[in-house]
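Assemble the complex: chain A is given as a structure, and chain B must be docked to it using the hints.
Listed below, chain by chain, are the residues.
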Amino acid sequence: MEKTKIESKKISVFYGDKKALSGISLDIPEKRVTSLIGPSGCGKSTFLRCLNRMNDTIDICRIEGKILVDGEDIYDRKLDPVLLRARIGMVFQKPNPFPKSIFDNVAYGPKIHGLTNSKDELSELVESSLKKAGLFNEVKDRLNEPGTSLSGGQQQRLCIARAIAVSPEVILMDEPCSALDPIATAVIEELIDEISKNFTIVIVTHSMQQAARVSNQTAFFHMGNLIEVGKTDEVFSMPKEKKTQDYITGKIG
Amino acid sequence: MNNTEIIKKSLMKRHLAESRFKTYGILGIISATVFLIVILSTIFIEGKSAFKSTYIKLDVFFDPSIIDPDGTRNIDEIRFANYRKVIKNSLKNYFPEVTGKEEMKSLTELISSSEEENLMQAVLKNNDLIGANKKVWLKASSKIDIIHKNPEMKDLSESNRLISDKELEWFDKLTRNGDVKFSLNKIFFLKADSTEPEQAGILGSILGSFFTLVITLILSFPIAVAAGVFLEELAPKNRLTDIIEININNLAAVPSIIFGLLGLAIFLNVMHLPRSAPIVGGMVLALMTLPTIIIATRVSLKAVPPSIREAAVGLGATKFQSVIHHVLPLAIPGIATGTIIGMSRALGESAPLLLIGMVAFIVDIPGSFTDSATVLPVQIYLWKSTAARGFVELTAAGVIVLLTFLILMNALAIFVRNKFEKKW
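Taken in order, these protein sequences are the chains called A and B. Under our numbering, residues 1 to 253 are what the first sequence spells out, in order. Under our numbering, residues 254 to 677 are what the second sequence spells out, in order.
In short, the hints are calculated from the structure, not lab data. Treat the hints with care, as some may be off.
[Unchecked claim] In silico DSS-like links for lysine-lysine, alpha-carbon gap of 25 Å or less:
#1 K444/B with K305/B
#2 K78/A with K490/B
#3 K94/A with K572/B
This is chain A alone, in the form it adopts within the complex (with noise of 0.2 Å):
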């Protein structure tokens, strides 16, 4: 039996009068690739930021309802959004290092929340995060070159190492492969799948093969309703709902 490891419970979202989630309720399971799919606007990325509240950064956004995190609150009062986003990662659609060395970049994390007590300890969380992003041989020699100078692909294993660091339980994923070639796609959805051993993944797609190719579960979002989720194969091969068949099939979206 999967544990389950975020719980959304009637998610309602607001851009001031305007509704762009109703109602969420979706599971997501420990240790296993959960990924949203749906048209654009669905209101798949907005679920997935109110995962670690990103979308608290945006004034007018309001929201309703439930999201436990083992259990937890996560809108609760007396939790800190801050610890949250420490144990829930995020990266981005669009490679987003610091204009920094690669070094920098991975023991950011680490440093703000005082992870590491040495630099000899920080050296080897940066080169542990970024082995496990499947980055280290390639820019071993290179740890002091700013991070905006490595190649689109690297770059996105670079922000998925930074957020390793960390160390989150969860990490989400918004679309980090649109920006890519499809070389650099195959390479990051190795990694994912890699990674999914250690921690909780949440991907949003424009990709169906991607979702098939990497996930554990799919949810189907449209016009900001969860209109089906459950195993991955299941809802591609033989989908419940006529609206997630007309998607798949390329009818709709």
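For chain B alone, kept in the frame of chain A given last:
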């Protein structure tokens, strides 16, 4: 008519409109350049002569009976000796034909009275000069300098000329003997204002400007950057911050003399800070520069891509950390550029400083923030409003110095922007 023909017909007109607009643009640039060249060249032509001045070579006898009658080498005695007489005697030797008291007086006036002090300093430095004969280049007075620089004035009638026929005769004799030369006008770079044009210098107002700008920078930069960061990154967006923002933008457009009035009313009349002092001038200019830097800070912060903020916040950085560690460093080139531009505006500002008394006639070179001082643009104004002919070239030279500093500061702004701008 089909579509192609319709488009063809209008095409001619559309291209014409474009080339017409281009022509206007080129005309605009040409006229702007011409104006600029005219202004700069007139200033340069008028001002360049102020950087050199006329010197006259005289055989000076350091007469012991004048300088040190007791022979005790007493410093006070040497200091207060009558060096005017020393100069007078050497002139007398040069022009033995001059006898009358009035004539003798105007003869002595060939030499700038600043040379009395120079001779005294020379004797103080080297006591062996006393009793010695030495050829010395002495600075000519302003009117001789003007005649030397504008030889065409010699042809004017005596009443229209600055100097009398007699004086012209003496000057011509000196010229014939090769005892007149141009040399670098050191006084201009080493002294402060004076009533005598040949003794007036720009250093006092350069230092006044420097002290003033230091205060301006120290006050306005940290306050403005902190305010800009707070308003742009940390403050909630509500009616209060909206009002603050509108008012800051309005402040940037307030005429500078209003800030001068404010400085007069508060810094001088309420806080009783010293009048004419760079510290007050700097405070007034800081008020004026604050909105400029705040706006530059906010614009530069806005230009930092939100992805950088998201990356930091997504890692668990607090908002403040994401700003301090990532956003602000990326905004620094823009902030620095805005600051330097604001500073160069402050350097060229005169109106608010007039109101707090930095328009006074100040002969001493300011040594601190509380000394009385004037600033470059005010010094230019002061010289321009002085009647004596010798100040005309000083005014233009002052403008050249001011423009040089402004160009340097703007070049620094461009350099900073190009050097520290990071690409991402």
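How the hints compare with the structure:
In summary, the hint linking K444/B to K305/B is supported, as the alpha carbons are separated by about 15 Å, within the 25 Å threshold. Taking the CA atoms of K78/A and K490/B, the gap is near 24 Å; set against the 25 Å cutoff, the hint holds. Pair hint K94/A plus K572/B holds up; C-alpha atoms about 21 Å apart against a cutoff of 25 Å.
Violation of the numbered hints given earlier is absent; every hint is satisfied by the structure.
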